[in-house]
Amino acid sequence: MAADTQFEKETEQVQDNWSGGNEPMKASYGKLMMWYFILSDAFTFAAFLITYAALRMSSEIWPDPNAVFNSMPFTHARLPLGFVTVMTFILILSSVFVVRAVQEGHRFNQKGVLLWMFLGIVGGLGFLGCQAWEWNHLIHQGLTLQSNPFGYYTTNEVVEGQTVDVFKGYVNLAVDEETHALVLGEDAVSTKGEAVPAEAKWHQGNWLFGCLFFFITGFHGFHVTTGVLLNCMIWIQSARGVYQRKRNYEMVEKVGLYWHFVDLVWVFVFLAFYLL
Amino acid sequence: MAELHNPAIEVHHDDHAHAHDHHGHDDHGHHELNFIEKYIFSQDHKVIGKQFLILGMAWAIVGGLFSIFFRLQLAWPDESFPILEWFLGGWAEGGKLSADFYYALVTMHGTILVFFVLTAGLSGTFSNFLIPLQIGARDMASPAMNMGSFWFFVLSSIVMFVSLVIQTGPAAGGWTAYPPLSALPQASQGSGLGMDLWLISIALFIISVALGGLNYVTTIINMRTKGMDFFRMPLTIWAFFFTAIIGLLSFPVLFGAAILLEFDRLLGTSFFLSDIYVAGEALHHSGGSPILFQHLFWFLGHPEVYIIILPAMGIVSEVMAVHSRKPIFGYKAMVFSILGITILSFIVWAHHMFVTGLNPFVASIFVLFTLLIAVPSAIKVFNWITTLWRGSIRLNPAMLFAIGFVSLFISGGLTGIYLGNATLDIQLHDTYFVVAHFHIVMGLAAFYGMFAGIYHWFPKMFGRYLNSTLGYIHFYVTLVGSYAIFWPMHYIGMSGVPRRYFDFTVFNQFNQYADLNKFITVAAIVVFFVNLLFVINFFYSIFKGRKVTVQNPWGATTLEWTAPINPGHGNWEGDIPAVYRWPYDYSINGRDFIPQTEKLGPNESEDHDIGSDTPKPTEKVPGENLH
Numbered sequence: 001m002a003a004d005t006q007f008e009k010e011t012e013q014v015q016d017n018w019s020g021g022n023e024p025m026k027a028s029y030g031k032l033m034m035w036y037f038i039l040s041d042a043f044t045f046a047a048f049l050i051t052y053a054a055l056r057m058s059s060e061i062w063p064d065p066n067a068v069f070n071s072m073p074f075t076h077a078r079l080p081l082g083f084v085t086v087m088t089f090i091l092i093l094s095s096v097f098v099v100r101a102v103q104e105g106h107r108f109n110q111k112g113v114l115l116w117m118f119l120g121i122v123g124g125l126g127f128l129g130c131q132a133w134e135w136n137h138l139i140h141q142g143l144t145l146q147s148n149p150f151g152y153y154t155t156n157e158v159v160e161g162q163t164v165d166v167f168k169g170y171v172n173l174a175v176d177e178e179t180h181a182l183v184l185g186e187d188a189v190s191t192k193g194e195a196v197p198a199e200a201k202w203h204q205g206n207w208l209f210g211c212l213f214f215f216i217t218g219f220h221g222f223h224v225t226t227g228v229l230l231n232c233m234i235w236i237q238s239a240r241g242v243y244q245r246k247r248n249y250e251m252v253e254k255v256g257l258y259w260h261f262v263d264l265v266w267v268f269v270f271l272a273f274y275l276l
Numbered sequence: 277m278a279e280l281h282n283p284a285i286e287v288h289h290d291d292h293a294h295a296h297d298h299h300g301h302d303d304h305g306h307h308e309l310n311f312i313e314k315y316i317f318s319q320d321h322k323v324i325g326k327q328f329l330i331l332g333m334a335w336a337i338v339g340g341l342f343s344i345f346f347r348l349q350l351a352w353p354d355e356s357f358p359i360l361e362w363f364l365g366g367w368a369e370g371g372k373l374s375a376d377f378y379y380a381l382v383t384m385h386g387t388i389l390v391f392f393v394l395t396a397g398l399s400g401t402f403s404n405f406l407i408p409l410q411i412g413a414r415d416m417a418s419p420a421m422n423m424g425s426f427w428f429f430v431l432s433s434i435v436m437f438v439s440l441v442i443q444t445g446p447a448a449g450g451w452t453a454y455p456p457l458s459a460l461p462q463a464s465q466g467s468g469l470g471m472d473l474w475l476i477s478i479a480l481f482i483i484s485v486a487l488g489g490l491n492y493v494t495t496i497i498n499m500r501t502k503g504m505d506f507f508r509m510p511l512t513i514w515a516f517f518f519t520a521i522i523g524l525l526s527f528p529v530l531f532g533a534a535i536l537l538e539f540d541r542l543l544g545t546s547f548f549l550s551d552i553y554v555a556g557e558a559l560h561h562s563g564g565s566p567i568l569f570q571h572l573f574w575f576l577g578h579p580e581v582y583i584i585i586l587p588a589m590g591i592v593s594e595v596m597a598v599h600s601r602k603p604i605f606g607y608k609a610m611v612f613s614i615l616g617i618t619i620l621s622f623i624v625w626a627h628h629m630f631v632t633g634l635n636p637f638v639a640s641i642f643v644l645f646t647l648l649i650a651v652p653s654a655i656k657v658f659n660w661i662t663t664l665w666r667g668s669i670r671l672n673p674a675m676l677f678a679i680g681f682v683s684l685f686i687s688g689g690l691t692g693i694y695l696g697n698a699t700l701d702i703q704l705h706d707t708y709f710v711v712a713h714f715h716i717v718m719g720l721a722a723f724y725g726m727f728a729g730i731y732h733w734f735p736k737m738f739g740r741y742l743n744s745t746l747g748y749i750h751f752y753v754t755l756v757g758s759y760a761i762f763w764p765m766h767y768i769g770m771s772g773v774p775r776r777y778f779d780f781t782v783f784n785q786f787n788q789y790a791d792l793n794k795f796i797t798v799a800a801i802v803v804f805f806v807n808l809l810f811v812i813n814f815f816y817s818i819f820k821g822r823k824v825t826v827q828n829p830w831g832a833t834t835l836e837w838t839a840p841i842n843p844g845h846g847n848w849e850g851d852i853p854a855v856y857r858w859p860y861d862y863s864i865n866g867r868d869f870i871p872q873t874e875k876l877g878p879n880e881s882e883d884h885d886i887g888s889d890t891p892k893p894t895e896k897v898p899g900e901n902l903h
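As they're listed, the protein sequences go chains A and B. With this note's numbering, letter number 73 in the first sequence gets 73, and the count goes up by one each step, no holes. If you count the second sequence from 1, you need to add 276 to reach this note's numbering.
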C-alpha cells in the first residue's frame with residue numbers, strides 16, 4: 001500500500017493553470033466573455049473603418065477636416081478641431097473616472113465607486129451632448145447623407161481653346177437663411193488661405209463624407225449610449241449595495257472594460273475623420 | 277448581466293468545491309420544473325442543443341424541398357407540375373415556376389442551408405450538447421445567454437419565414453446578396469421587402485452566433501474539470517473551440533456589411549453604390565463600391581465554410597476513433613491542422629472574387645494561401661484513413677457516415693485545388709463545377725458529419741437508439757445519391773454551363789446536357805425522400821426507439837458516457853469526474869478501452885503523441901503492461 005501511495009504521489013498530475021479545474025487566465029468567465037465580445041466588436045468597427053479607408057482612397061476629392069470641424073458653440077471664432085478636442089478630452093477623462101471607480105471597487109469602498117462612476121456617467125453624457133451639438137451644427141450647415149457643402153470652387157481658365165476647371169481648394173459655405181440654399185459665405189476663404197475670387201464657381205463636396213461621418217460616429221455614439229446605460233445600471237446596483245454584500249465588484253470592472261473599449265474606438269474614429 | 281451568475285456552475289475552486297457543487301446540483305434536482313421551463317425556455321445545455329437540432333432539421337426540410345422545386349424546373353423546363361402550384365401558389369401558376377421565384381428559391385436554399393442548418397443546426401447542436409458533457413462541466417458558463425442564443429435563432433427564423441410568405445417574395449439576389457441588385461429595392465421584386473427581412477434575419481442570427489460563441493469559448497477555457505488539460509480534450513471540443521473563435525471574428529464583419537447595405541437601401545447612402553441607372557432612370561447614388569461589399573461579405577463568407585466543416589471534422593474524428601477501437605492517429609497533428617485551417621481561413625477570402633476585377637498580383641497571393649489549406653486538410657484526411665487502418669471497425673450508421681464524410685471531403689477537396697487557381701477560375705467561375713465542388717466539400721460533407729454525430733450521440737441525447745436498418749438504408753442511398761447528383765455537375769460545369777440560370781433550352785450548346793439534368797433531379801428527389809425517412813426514424817426513435825440499458829453503449833472513453841443514461845440538468849449526480857488521461861486510449865494494454873476517468877497504471881506513461889503505437893493483436897497479453 002505504501003508503494004501505491006508513493007506511486008500516486010509521483011504520478012500526481014502536474015497541476016498547472018491549464019490542467020482544468022480552475023480559471024487558467026485568472027479571470028472569471030464573465031470577464032473573458034467581455035474580452036471576447038470586445039475583440040468581436042472590434043472587428044465590426046474594423047469593417048467600418050476599412051470601408052471608410054477604401055471609399056476615401058478611391059475618391060478624388062475629400063473635405064479638409066480643418067475646414068469642416070472648426071466651429072465652437074457660443075463663439076463665431078474659427079477654431080479648427082477645437083471642439084472635437086474638448087469632446088475627446090471629456091471622453092478620456094470619463095475613462096479615467098471609471099478606472100478610479102474600478103480601483104475603489106477593489107477596495108470595497110462603495111462611496112468611492114458611486115462617486116467616480118457618477119463622474120464617469122456625467123463624462124459619457126457630456127460626450128454625447130457634444131456629439132449631438134456637432135451633428136446638429138453640421139446638419140444645419142447642410143451636411144447630410146445626401147449632400148456635402150464642404151465642396152470646392154473652380155475658376156475658369158482658357159487653355160488652348162478648351163475650358164477647364166482649375167482646382168483651387170476647399171471653401172466654407174453658408175446656408176441662406178431664407179431659401180436654405182447653399183451660398184458662398186461672405187468671408188469665404190479657401191483652406192489655403194486665399195480669398196475666393198468673384199468668378200468662382202462652387203461644387204458640391206463628396207457626399208460619401210457625410211454618409212461615412214454620420215454612420216460611423218453614429219455607430220460609435222450608439223456604443224457610448226449603451227455604455228452610459230450599463231454604467232447607470234452598475235451605479236444603481238452599487239447604490240443598492242448589491243456588490244458590497246457580495247464583496248465582489250467585478251461587474252464594475254467588466255463594464256469598465258467595455259467603457260474603455262468605446263473610448264479606444266473613438267481614438268481611431270477621431271484619427272480617421274479629424275486628423276487624416 | 278448580473279443575472280448570469282449561476283450557482284450550479286461555480287465549482288471546484290477550493291476544497292469545499294465538491295460539497296458545494298453537489299449541493300448546487302441537488303437544488304436543481306428538487307426544484308420541480310414545469311413543461312415550459314423544461315422543454316421550451318430551458319437553460320439546460322442539452323435541451324438547447326436538441327432545440328437547435330430540431331429547428332435545424334425543420335429548416336433542412338424547407339431548404340431541401342426548395343432545391344427539389346428548382347431541380348424540377350432545370351430538368352423539365354417545359355413541363356408543368358401541379359405540386360409546385362400547390363406549394364407555391366401564384367409563384368408557380370399552372371404548375372410552371374416563375375423566373376423571379378426561381379431566383380428566390382435558389383437564394384433561400386443557400387441562405388437556409390448555410391446559416392440555419394449547417395451553422396445553427398450543426399455547430400449550435402453539438403457545441404451545446406457536447407461541450408459541457410465532454411469537458412466535465414455542469415452547464416455552459418452562462419446558461420441564460422445560451423438560452424438567448426437559441427431564441428435569437430428562433431427570432432431570426434421567424435423573420436426569414438415571414439419573408440417567404442410576403443407578397444413580393446423573399447430575397448432573390450443569391451445568398452451572397454451582392455449589391456447593386458440587393459441594394460436597390462426598385463431593381464427587382466426580390467430586392468424589395470424580402471431583402472430587408474433577409475438582412476434583419478441575418479443580423480439577428482449573428483447575435484445568436486455571438487451569444488453562443490462567447491459561451492463556447494469561455495466554457496472551454498474556464499469550466500474544464502480537474503485534470504482536463506487542453507491536450508486531453510476530445511477533438512470534438514477542439515473543433516468547437518476554433519469554430520466559435522472563427523464565428524466571433526468573422527460574423528461581426530458581415531454584421532457591419534449588412535447594416536451598411538440596409539443604410540444604402542433605406543436612407544439613400546452610397547456605400548456600395550456608384551453611378552447607376554434603373555429602368556432608364558438615373559439614380560442619385562455615386563462614389564460607392566459594390567466590390568467593397570464583396571470583400572466584407574467574403575471576409576465572413578469564407579471563414580463561414582470552416583464554421584460549417586470544422587464541427588463535422590471534430591465529430592468524425594471522435595466517431596471514427598470510437599468505432600475503430602483505435603486511438604485517433606496523430607492527435608496533435610489533428611489539433612494543429614485545425615489551428616492552421618483557422619488561421620488560413622481568414623486570409624483566403626478573395627479567391628471568391630478572382631473574376632470581379634481583382635488585381636492579378638493580389639490574386640496570386642490569395643491563390644498561394646488558398647492552396648496552402650490543402651496541407652492541413654490532407655493531414656487530417658491521412659490521419660482519418662490511418663485511424664481506420666487495422667482497426668476493429670464497427671460499420672454502424674454513425675461510422676458509415678464518418679467514412680462517407682472522408683470520401684466526400686476528398687472528392688470535394690480535390691476540385692478545390694482547381695478552383696483555387698486564379699487562371700483556371702476564369703473558365704470555371706460561376707459554373708456548375710463550383711456548385712458541385714462546394715456542395716460536396718462543405719454541404720454534403722458537413723451533413724455527413726452531422727449524421728455521424730446524430731447516430732453516435734442519439735443514445736446520449738434521448739436514452740434510446742435510432743433504428744439501424746433505417747440508418748443503413750439512409751446511408752447507402754444517400755451516399756450513392758450524393759455522387760449521382762454532384763458528380764455529373766462537374767462535367768456540365770467544365771463545359772461552361774453557368775449556375776443560377778433559369779432555363780437552358782434557349783442555349784443550343786447546352787441542350788446535350790438535358791438528360792444529365794433529368795438524372796440529377798431524379799437522384800436529388802430520391803435523396804430528399806431517404807432523408808425524410810431519417811427524420812421519421814429520428815422522431816419515431818425519440819419516443820419508441822430501443823432503450824439504452826447500459827451507461828456506455830459504444831465503449832467510449834469520453835466523459836459524457838460517465839453521466840447517467842438520461843442526465844438531468846447538471847449532468848452528473850455526484851461529483852464531476854476528474855480526468856487522468858487523454859480520450860483515445862482504445863485497444864491498449866490488452867484492454868478494449870480505458871475511460872478518461874481512470875488513473876494511469878503504475879507502469880503507464882501518458883506519451884500518447886505517437887498515434888501509431890497500437891499494439892498488434894498478437895501482442896495483447898492481458899495482465900501485462902506492454903506500454
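Just so you know, these hints were derived from the structure itself, not from any lab. Being a predicted model, the structure only gives us computed values, none of them experimental. Just to be clear, a hint being listed does not mean it is correct.
[What the hints assert, rightly or not] Among the chain A residues that face chain B by a calculated CB cut under 7 Å, a handful are:
#	residue
1	S19
2	G21
3	F43
4	T44
5	G142
6	Q146
7	L208
The beta carbon of each residue, even a glycine, is placed where N, CA and C say it ideally should be.
(message) Hint compliance check: list the failing hint numbers for this structure, sorted ascending.
(response) 5
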